[in-house]
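Undergrad: Take a look at the letters that make up each chain.
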Amino acid sequence: VRLTSREPLERTRARYPDGGGYIERDGIRIAWDRYGSGGRAILLMPTWEIAYSRVWKCQVPFLARTFTVLTFDPRGNGRSDRPSAVAAYNRAERTRDALAVLDAAGVRRVTVVSWCEPGDDLALAVEHADRVEALVLIAPDLLVSETPNEDRYQRVGDWPGFARAFFADAFPEPHSTKQIEDGVGWALETDADVIQRGLEATWDNEEPHARDLLARVRCPTLVIQGSEDRIAGAARGPVVAAAIADSVLMELEGSGHGPHLRDPVRFNVVLREFVEAPAPREVRWTRARSRRKRALYVSSPIGLGHVRRDVAIADRLRELHPDLLIDWLAQDPVTAVLERRGERIHPASAQLASESAHMQAESIGHELHCFQALRRMDEILLSNFMVFYDVVQAEQYDLWIGDEAWDVDYYLHENPELKSAAYVWLTDFVGFLPMPDGGHHEAFLTADYNAEMIEHIARYPRVRDRAIFIGDPEDIVPDSFGPGLPPIRDWTEEHFSFAGYITGFNAAELADRAAIREELGYRADEQVCLVTVGGSGVGAPLLRRVIDSFGAAKQLVPQLRMIIVAGPRIDPSTLPTAEGLEIRTYVHDLYMHLAACDLAIIQGGLATAMELTAHRRPFIYFPLKHHFEQNFHVHHRLNRYRAGRRMDYDGSPPEAIAQAIAQEIGRTVNYRPVDADGAARAATAIAELL
Amino acid sequence: MEDRQRRVAPAVTVVALSSPPREQTRAVYPDQEAILDRAGVPVRWESYGRGDPAILFLPTWSIIHSRCWKQQIPDFARRHRVLTFDPRGNGGSGRPGDPAAYGEDEFAGDGLAVMDAAGVEQTVVVGLSLGAQRALVIAGEHPERVRGLVLIGPLLAADEQPGAEREAASRFTTDLSVDEGWDRYNAHSWRRDYRGFVVFFFSQVFSEPHSTKQIEDCVSWGLETDAQTLITAEVPGINAARVRELCARVRCPALVIHGDEDAIVPHAIGVQAAKLTRGRILSFEGSGHCVQARDPVRVNLALREFIASLAKAEERGGL
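Protein sequences appear in the order of chains A and B. Oh and the first sequence: position 121 is 121 in our numbering, straight run, nothing missing. Add 1000 to a position in the second sequence, counting from 1, and you land on the number used in our numbering.
It is worth saying that the hints were derived from the structure and are not from the lab. Mixed in with the good hints, there may be bad ones.
Unchecked claim - Computed from the model, here is a short list of chain B residues facing chain A with C-beta under 7 Å: (1) Gln1214; (2) Glu1216; (3) Gly1286.
As the list claims (entries may be wrong) - Pairwise CB distance ranges, derived in the manner of DEER restraints: (4) A:Arg341 <-> B:Arg1195: 44 to 50 Å; (5) B:Arg1079 <-> A:Thr202: 43 to 49 Å; (6) B:Asp1037 <-> A:Arg284: 41 to 47 Å; (7) A:Pro347 <-> B:Asp1226: 50 to 56 Å; (8) B:Val1297 <-> A:Arg584: 41 to 47 Å; (9) B:Arg1251 <-> A:Pro461: 39 to 45 Å.
Backbone N, C-alpha and C define an ideal beta-carbon position, used for all residues, glycine too.
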């Protein structure tokens, strides 16, 4: 596995701290955080200096919904100090840091969760039994059994090389690129000197001392051990568990050293059960025969195209099953659309971490590396899957529909035993594709993700009861999933059914353009150019560039009326203005304007481009840089429809845009007609499951 | 047929019933069965399996006997010591002729005697319907012997409106000369047509469609006793004041399970019982009175969860 050493700055988390700060002991500052405020308290211990509190990123958002969660960064990494004295790294100091954090947080008793700890956690539980109500030991690093790798990581040498080798060993499970990258990224926030000090400091994990501590642990203890643990060795967990009086051993077959990061769903469920959320006072269960048919619709919030087709499918589904009740697990901006329609939004939707805010944070200028952005959304996806998990555990649905609900699809295949309803997967593209300038590494990563998906489907064909492609086989790119992997089209034709495209509106209702123009106040002799970037905040640079072209375009097209739609996430006052140019924050019934305009200028998103194609309107689209879906999948599909004129943001100065406007505006098009039956076809396929 | 249908609850079809000639094959047979003597009244009890905590499934109204737990015993006997006994007035227990022998304190005493005979110090006590009263007596007056309390469709005197069954019971000895609907809940009617009452009663208990087997079972158990025994056993239960007092003295965690379409005991009484015992309420939507027979999987899972939570609560000493 080749790894990038330059980890971009952390951007969005699924959850941010609700409290915390620094404690200071002997002049050394330790950063700590508190998340949530209810229920029992949990202290997630930092592991050794190689990483810090972010190792708990998959647990914090989930646990904080129920418990008070405390984390801190170890001396030597994260936001804590990096003292220069070796003695400051003695492991006993870590135990005192933990107690100081508990005191600072005003927490009396906690469940202590530790990863790869050499006994600090045990010392806490034994010497401060009044503070520790339970222990969870993941892959304990106590020298109580033969282990193959004992000396491998005792010398630092080349630090990045050490970190890469260490985390590659920590995550031996296939397709662990993201976990390894994360680990290396955390490791590189400290350096070889700190690590060397940590290794030279006093550890208390030698057998006699460890045995003594183990024998004295009195609190309930859960030991979690992966069978493929190449760091601590698979044998340690059972020995540790056997030595603790009140212990449960959970062995994870096929797991490596960090199951909380590699198999977070299972780990989280086990951990919550062990810590025990207070049982609700009131629970309802509806006997099977008394249940109304219910579907849970999980609609992707990335772009507005999904929700529009999803409500069209939902409407058709309700025609076929009038008794069907549909709940939506969704977030902004999808929920805004659903609310206007009076759809039932599941209250747990409020607990979802924002995917669209993440996507916005990941974009720079007219650029969104959406493959990396998706990978870097792993914490948010997991957090949102845990919300989904809680919803479907508590309520009985007959059917789950996920429209590009990456969290649901991915984690169901990773935890197939959780599937307890019929499940439908919808998507309008298949296959992650590397951007050419990403080089071999990106090609390796996309192939690895594709391979994992192909393996998922091959191993667990029962997870997706229906896989529906929103489009036709011809819309599938002519590429391969990667070296040694099948052509995307062949595989997709084998594993999907095809609904045809779904615009989510009835094109016939918008056929009378003249009437719509009159209703919207567009005169017949005006040449209306609509510039829109949808609901995302990613589009400001494109709006500015087009505004800059307005003067030149107006000279070429005297009848030009240009309307800039800033959308809800772009402040119009941040945009330049020009004489005669209209800038609006919001346009009611944008779809009617799109149907009526003479030209539209948009990003490369599929939904708006296909909407214009269906209306047979000329349009210019600017795919976001490094957005593989817009650059390859959408582009391929629009070519098939002979629709739109592609321009690249970087190579298009305002003058070129003005020229293109003049050439395209009002042009008669010969687009391939867009299917009108897609929603009905998809709904029919789904309805069979109800 | 149509007339009969109209007389009973609208959703219920009275099915033709035949009592089986002998008991059907059980999933598990007791490891120990014995009869103990309580002041001359024989009490037949059974013990299944081993493991802590032990569970005592109390008998309910003597119209049926300990077989009403047949869907629980095999599941729990795999992990727990399970104790059951037949109520005075049915099954293998005695049929004393003195109404005083049917007081709730006597049933509670039988339960404690069974625990003693089995050598069990503490149990999770599970009471169904009328059995909830004796469960409360045990849990309230002998809290040291109860680790957890489960009440299913508890028939308790409460602030809430009583159900049709209790209302009918208030006219129990008045001869109405009617053998229809809830007027059948009457000593004179029982003497005239006991079987008719039993069939009617269990068609009310199981308001869920497709409950023929559950109704048949109960009717056949009902026919193991007779009108006179049940008339003798028809004594006042514990009153509302004592219910409150006993609930206040419960020290263990409590769980109440109650169907929201319970035609015998209104759901609101279960909710109140949970409040009084500071326990949890698990409501079954679409369910009638005897969920342990009609929705055994969900009941067993809920019981398992409850029992698991007891161990945890004791380990950690609560929040």
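Undergrad: Please write out, lowest number first, the hints stated earlier that are contradicted by the structure.
TA: Of the numbered hints, 1, 2, 4, 8 and 9 do not hold.
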